[in-house]
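A.B. asks: Now for the letters of each chain:
There are 2 protein chains.
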Amino acid sequence: MSVTIKDVAKKAGVSPSTVSRVIAEHPRISLETSRRVKEIMEELGYHPNLMAKSLVSRTTRTIAVILPKPAEELLLNFFFYELIRGVLAQLTRAGYDLLMAGGSNEQEELETVTRLVRGGRVDGLLLLYSRSSDPIISFLRKEKVPFALIGRSLDYEDVPSVDNDNVQAAYDATNHLIAQGQKRIGFVSGPTKLAMTQDRMAGYSKALVDAGLPVKQSWIVEGEFLLESGYRAMASIMSQPEPPTALVVIDDVVAFGVLKGLAELGYRIPQDVAIVSFNNIALSELTMPPITSVDVGTYQLGYTASQMVLRMIQQVEITTRQIIPHRLVVRESSLRTVTHV
Amino acid sequence: MSVTIKDVAKKAGVSPSTVSRVIAEHPRISLETSRRVKEIMEELGYHPNLMAKSLVSRTTRTIAVILPKPAEELLLNFFFYELIRGVLAQLTRAGYDLLMAGGSNEQEELETVTRLVRGGRVDGLLLLYSRSSDPIISFLRKEKVPFALIGRSLDYEDVPSVDNDNVQAAYDATNHLIAQGQKRIGFVSGPTKLAMTQDRMAGYSKALVDAGLPVKQSWIVEGEFLLESGYRAMASIMSQPEPPTALVVIDDVVAFGVLKGLAELGYRIPQDVAIVSFNNIALSELTMPPITSVDVGTYQLGYTASQMVLRMIQQVEITTRQIIPHRLVVRESSLRTVTHV
DNA sequence: ACTATCTCCAAAAGCGCTTTCATCATCCCA
DNA sequence: TGGGATGATGAAAGCGCTTTTGGAGATAGT
Chain A
1 MSVTIKDVAK
11 KAGVSPSTVS
21 RVIAEHPRIS
31 LETSRRVKEI
41 MEELGYHPNL
51 MAKSLVSRTT
61 RTIAVILPKP
71 AEELLLNFFF
81 YELIRGVLAQ
91 LTRAGYDLLM
101 AGGSNEQEEL
111 ETVTRLVRGG
121 RVDGLLLLYS
131 RSSDPIISFL
141 RKEKVPFALI
151 GRSLDYEDVP
161 SVDNDNVQAA
171 YDATNHLIAQ
181 GQKRIGFVSG
191 PTKLAMTQDR
201 MAGYSKALVD
211 AGLPVKQSWI
221 VEGEFLLESG
231 YRAMASIMSQ
241 PEPPTALVVI
251 DDVVAFGVLK
261 GLAELGYRIP
271 QDVAIVSFNN
281 IALSELTMPP
291 ITSVDVGTYQ
301 LGYTASQMVL
311 RMIQQVEITT
321 RQIIPHRLVV
331 RESSLRTVTH
341 V
Chain B
1 MSVTIKDVAK
11 KAGVSPSTVS
21 RVIAEHPRIS
31 LETSRRVKEI
41 MEELGYHPNL
51 MAKSLVSRTT
61 RTIAVILPKP
71 AEELLLNFFF
81 YELIRGVLAQ
91 LTRAGYDLLM
101 AGGSNEQEEL
111 ETVTRLVRGG
121 RVDGLLLLYS
131 RSSDPIISFL
141 RKEKVPFALI
151 GRSLDYEDVP
161 SVDNDNVQAA
171 YDATNHLIAQ
181 GQKRIGFVSG
191 PTKLAMTQDR
201 MAGYSKALVD
211 AGLPVKQSWI
221 VEGEFLLESG
231 YRAMASIMSQ
241 PEPPTALVVI
251 DDVVAFGVLK
261 GLAELGYRIP
271 QDVAIVSFNN
281 IALSELTMPP
291 ITSVDVGTYQ
301 LGYTASQMVL
311 RMIQQVEITT
321 RQIIPHRLVV
331 RESSLRTVTH
341 V
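Protein chains in written order, with the numbering used here: chain A, 1 to 341; chain B, 1 to 341.
Result set (DSS-like, lysine-lysine): computed pairs, CA atoms no more than 27 Å apart in a straight line:
| no. | chain 1 | residue 1 | chain 2 | residue 2 |
| --- | --- | --- | --- | --- |
| 1 | A | Lys183 | A | Lys206 |
| 2 | B | Lys11 | A | Lys142 |
| 3 | A | Lys53 | B | Lys6 |
| 4 | B | Lys38 | A | Lys142 |
| 5 | A | Lys11 | A | Lys53 |
It is worth saying that the hints were derived from the structure and are not from the lab.
Construct all of the structure, not just a fragment, from the sequences and the given hints.
C.D. replies: Here's what the structure looks like:
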């Protein structure tokens, strides 16, 4: 059916081993033979069978990305594409393929990972924003398979991961509000089981404390990465007797909900309530007003995490925790003096 | 190193062939033997080597999704995740894996596909919104590999594909505006090399003609799937002496640009200019005002297309072109009588 | 001229699995 | 009681590749 290494060998008048060596660019092969074999390969349209290759080499040149369970999905909804683009760019560069897998629950997820790893299907893995006590992480460590996290894990500090400095990011964002003269600043948070949430919360608090401002617990509301979540959190915060005049919001999508809710209640943004947020997804600049957001370098996160796994596969020493720089993108939602273009 | 079928066989006191048959649930195996072998497999933590399996079975139980080239990416940015979720759900159900691949240009893309197909790496493929004269399509047809398109191809009408009835969708959307009393309706289009664009344009025109309204070429502007594109197209249309009072926009992201531009020029929406759009991404309901949009069933597109490929692999007869129903989601941007919640 | 060294290549084994073919009990019915 | 089914298993070949081993011929050293 398909043309094999044998067919090439026969036609070129050499042995299969020689053809194999030509493909692998083995040094001890004469230039003449190499040229002739390559010519025949071209002529026959030969492509090596990747399964056979993998079987003997015990390597598949593929990395799996494990999607978070449905409950965690919403965070990714808008920067998932950018992330994957980053991953794909790095892997393609290195001649690796990308396998995507997931599961509808923890059990299923672990089974899938086990099957892929023990079945010799992948050379490494990438985990997205895992929550606390992830059994997959324990499993992968035991198996000694190269893998990296995107977003730090709370329970396994020494696991290779790529992350932002979320404490500093939140510190910067909050400070920006303080620099605008804000004194009453609330925080719309995310699930506290995520390191990302805890870090941003910490940075927010630290900025307030450093500026001598009060940290009021009633101004801090935990939510999910959902639109409605932002809406509800906002309602809860603003219905208090002395509501804040500025909000730090865990994520852009949540911020959209906040924004909308505020507008419906008649608050003007940023005059009555200023807003800063995180992740800087493409639509942040399109809302009315555009949202000030911390760009976390989504593409870079994917790109760097993949690189990390590839390095581990090549046994190259790596920094266990890599930090992607963030950047506050100031837009209208946080500015006291509103400037129109 | 890892436990193989031989290890299981030895420990169970049977031959490797028997173990293999137990795994494959071969009928002619005694219940007793089956039970014992399964027990041993469990005990040893046996997982079959998938590469070896693939080599001999000539099947990999994996489907590749080919991402469009970077230039086409933006369309997908926001509904990519939903699409992939649909694909993944179907594939996981059937015990298949998902491989993601792409390329930075046409040449590279074709090389990747060739490598995957000829290398026996995948059993089938899924192509996203391909443009005209795609060399990959020709290649795959020649190779007789099962594959399906998401979004119809302009050049290969008989290729298996999953699509919306975009003509009808645009017809419905436009008619909705007409029902609101609109008479001057423009169209912000996308790249005409996509079937989707041409279909929506046709539906738009048909609705106007059927209602006895004029189709003015100067009210139809081609753009890309970009924010700025919507902005520019809007500017071009609205700067005319007699601008339309309603716009049909090819995609939500473009519509955001239109929305923003209109607001900056002082137009009120929907009072001065009404808007309907397509794709109904999650943020459509979050803009000010929320955008009326045609829901195309993104998840379903992915789910159904995968099913199609799986059916082809199983040699089951399929309908060459499957249509996912659409649904107009009416929101404030298109309503003459504005109702506040 | 004879051995030592080097270069290039072929033969063959083996990766972990499936599957064909053969074998051996067991069973049923004449 | 014997012979053809039938059922359960084992032996062995082979999927397409890599890699080890070893050998033939060329080149160099003494």
